[in-house]
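Enquirer: Every number in our numbering is 19 more than the matching position in the sequence shown, counting from 1.
These are computed hints drawn from the structure, not numbers from a lab.
Below are the EDC-like pairs computed for lysine to aspartate or glutamate, each with C-alpha atoms no more than 20 angstroms apart in a straight line: (1) Lys82 with Asp41; (2) Lys82 with Asp39; (3) Lys82 with Glu237; (4) Lys82 with Asp36; (5) Lys82 with Glu105; (6) Lys82 with Glu239; (7) Lys82 with Asp40; (8) Lys82 with Asp93.
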Amino acid sequence: MRVLIGDDEGQRGGGGDLTDDDLVALYAAPRTPWFRVNMVSTLDGSATGATGRTGEINNAADKRVFHLLRRMADVIVVGAGTARAEGYGPALRPTVLVSRSAEVPEALRRAEPGRVLMATVSHAERLDEARALLGDEHVLVLGSHRVDLGGLRAALVARGHRSLLGEGGPHLLRDLLDRGVVDELAATVVPRLVAGTHPRITDGPPLDVHLRLHLLLEHEGTLLGRWLV
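The task is simple: from the sequences and hints, build the whole structure.
Expert: Written out as structure tokens, the structure is:
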């Protein structure tokens with residue numbers, strides 16, 4: 020893995036292949052709190068493979084950065100539907116599920132207390148069930164019908180989480196960008212074409228968000244970028 024574009028020479032991490040320590044330095048947040056969202060897509064823009072999972076399109080380079088960013092984060096934020104589709108289990112860091120229904124995916128129902136949090140709304144049909152499964156203190160009610168994503172960021176920071184990592188899906192990323200909550204998009208483009216009809220990394224009503232390229236890495240045709248919002 021090598022640096023193609025960096026904001027300064029200090030980002031280049033030496034002349035050889037980048038070590039994990041190099042990557043930690045390259046992906047360091049410029050300040051905290053910091054909300055980074057990590058996504059992957061194919062060269063023709065698909066965020067998933069044929070069965071609707073990102074696991075069908077990511078590769079070794081993407082997985083390396085994916086796991087690095089998880090280790091660097093204090094908490095992982097993900098849409099409950101994405102967690103369900105991707106088969107999320109308990110992670111190294113606490114997982115915050117964003118859901119208007121408050122339904123906890125099956126694979127996360129038996130996690131240790133505090134490993135899974137729910138960000139939901141007061142009208143959620145599974146609110147009582149989520150509280151029973153996760154504990155009242157781990158269910159964040161943020162709004163009546165739509166999750167207040169700015170409020171979610173503030174609530175997580177107030178709990179001591181300074182490095183926030185979002186992992187989608189496309190609807191949640193679109194809404195996070197629309198609310199001005201995201202500081203950075205870490206986007207991987209894998210050298211594959213899949214055609215068909217698949218979601219992009221953002222999905223929902225139109226928006227127009229300008230990003231600034233901060234870092235671009237390359238490994239065997241895979242491009243991994245940091246785009247600052």
